[in-house]
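Asks: Keeping their order, the protein sequence lines are chains A and B.
Note that the working numbering numbers the first sequence so that position 55 is 58, with each residue one more than the last.
Note that the working numbering numbers the second sequence so that position 105 is 108, with each residue one more than the last.
Since the hints were made in silico from the structure, they are not lab data.
Some hints here could point you the wrong way.
If several chains are the same, the list does not tell them apart, and a pair holds so long as it fits within one copy or across any two.
Lysine to aspartate or glutamate pairs mimicking EDC-like chemistry, simulated, CA-CA at most 20 Å apart [what the hints assert, rightly or not]: (1) Lys99 with Glu152; (2) Lys136 with Glu197; (3) Lys136 with Asp171; (4) Lys146 with Glu191; (5) Lys146 with Asp158; (6) Lys148 with Asp196; (7) Lys148 with Glu191; (8) Lys148 with Asp158; (9) Lys146 with Asp171; (10) Lys148 with Glu197; (11) Lys136 with Asp196; (12) Lys146 with Glu159.
There are 2 protein chains.
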Amino acid sequence: MTDIIPLWVSNRHIHLSKADAEALFGEWFQLTPIKDLSQPWQFAAAECVTLKWPKWQIEKVRILWPYRPQTQVEILMADQFRLWILAPIRLSGDLKHSAWVDIVWPDGKELSISEWMIIAKRHIHMTPADAEKYWVQNNQIVKIKCWWERWLVFDEVVIRVADASSLDTHIDVEEANAAALPQSSSVELLLNDEVRLYSSSNQVYA
Amino acid sequence: MTDIIPLWVSNRHIHLSKADAEALFGEWFQLTPIKDLSQPWQFAAAECVTLKWPKWQIEKVRILWPYRPQTQVEILMADQFRLWILAPIRLSGDLKHSAWVDIVWPDGKELSISEWMIIAKRHIHMTPADAEKYWVQNNQIVKIKCWWERWLVFDEVVIRVADASSLDTHIDVEEANAAALPQSSSVELLLNDEVRLYSSSNQVYA
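With the hints as extra help, turn the sequences into a complete structure.
Replies: Pasting the structure below:
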């Protein structure tokens with residue numbers, strides 16, 4: 004039996020904390036939803052920000068909802084080389100000793116906070132019922148097989164189990180392009196011979 | 004025994020034909036070498052061009068030497084989505100029915116030719132002696148294992164055997180970033196259970 008799982012491809016993006024959102028936009032501002040994401044109740048907003056480093060900047064970085072306890076920027080590995088900055092590969096929320104960046108809202112207001120930029124570590128969201136079905140557990144490291152034109156097998160994919168999840172594999176656009184995977188396609192879940200768990204030194208978001 | 008092979012990562016670039024180079028730069032012009040490439044006698048030039056589509060353009064696309072029988076642009080898969088253009092995944096020289104683009108030299112001179120833009124298909128250059136050593140043949144499809152932070156196994160890697168080669172795996176920056184592979188690192192050659200040969204409908208360059 005093969006276990007086929009849906010795929011979601013993410014570009015660079017930002018989640019704001021409520022406090023930072025209010026500092027940027029004012030207390031009564033609400034983000035404007037323009038596209039549902041794969042996870043329940045999450046959306047991409049019409050609003051974008053500019054990421055600004057001493058050497059370069061990236062414009063039109065999309066804000067995603069919901070708010071997070073701490074503002075978090077997720078960039079691509081290519082952005083590192085363009086911008087002369089190193090960001091660690093982490094799960095969402097694991098921000099301690101990560102990279103930093105200045106955020107510029109289109110009206111020119113700047114927000115500067117440390118320790119909150121990462122490259123997303125590839126992962127699969129699922130419910131406890133899914134985890135039982137696929138014989139995996141939270142934080143387990145699995146592989147995914149991609150059978151589009153650039154066939155490959157990604158290893159080091161982390162299982163993320165939470166009640167309010169929707170079954171979905173999350174990779175970024177460089178990973179998707181390396182496999183020639185289009186948005187909204189599928190991948191095959193493969194188990195490693197031995198069960199290995201991913202351990203993060205910090206707390207991560209479900 | 005594991006077979007460890009050097010890696011070379013390519014960004015988007017262009018090879019010119021001699022005729023197009025003369026049309027762009029004049030008959031007596033010579034490219035200025037700034038960096039050796041992994042293959043013998045090949046170099047990256049100081050000169051760059053702009054690729055121009057109706058919707059967008061990409062500046063500072065590096066010219067690589069040697070000249071090719073036909074001008075050939077190699078882009079990244081991400082460029083396709085940015086520019087609303089589809090390019091096929093091909094080996095070097097396999098340009099029939101590929102995509103097209105206008106080339107703009109910095110002085111504003113435009114060159115427009117059809118059928119010459121591809122996304123490079125990942126491949127391994129080697130000599131006949133290497134092929135014998137690794138038990139492979141020209142056009143054979145193999146896998147490569149990458150053991151950096153984003154572990155993965157690329158399939159559909161084509162063996163390219165030629166006398167004037169240097170042993171080297173060629174992938175593009177998106178593939179390298181998906182595996183967190185730095186330039187000048189190494190990969191492991193893995194053979195598929197059955198020998199499969201890649202067949203291109205057109206002639207390719209060694």
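Asks: Now tell me if each hint is right for this structure.
Replies: Here is what the structure says about each hint:
| no. | hint | verdict |
| --- | --- | --- |
| 1 | Lys99 with Glu152 | between (38 Å within a copy, 18 Å between copies) |
| 2 | Lys136 with Glu197 | within (18 Å within a copy, 33 Å between copies) |
| 3 | Lys136 with Asp171 | within (14 Å within a copy, 43 Å between copies) |
| 4 | Lys146 with Glu191 | both (8 Å within a copy, 18 Å between copies) |
| 5 | Lys146 with Asp158 | both (4 Å within a copy, 14 Å between copies) |
| 6 | Lys148 with Asp196 | both (15 Å within a copy, 17 Å between copies) |
| 7 | Lys148 with Glu191 | both (5 Å within a copy, 18 Å between copies) |
| 8 | Lys148 with Asp158 | both (9 Å within a copy, 10 Å between copies) |
| 9 | Lys146 with Asp171 | within (14 Å within a copy, 27 Å between copies) |
| 10 | Lys148 with Glu197 | both (17 Å within a copy, 19 Å between copies) |
| 11 | Lys136 with Asp196 | within (18 Å within a copy, 30 Å between copies) |
| 12 | Lys146 with Glu159 | both (6 Å within a copy, 18 Å between copies) |
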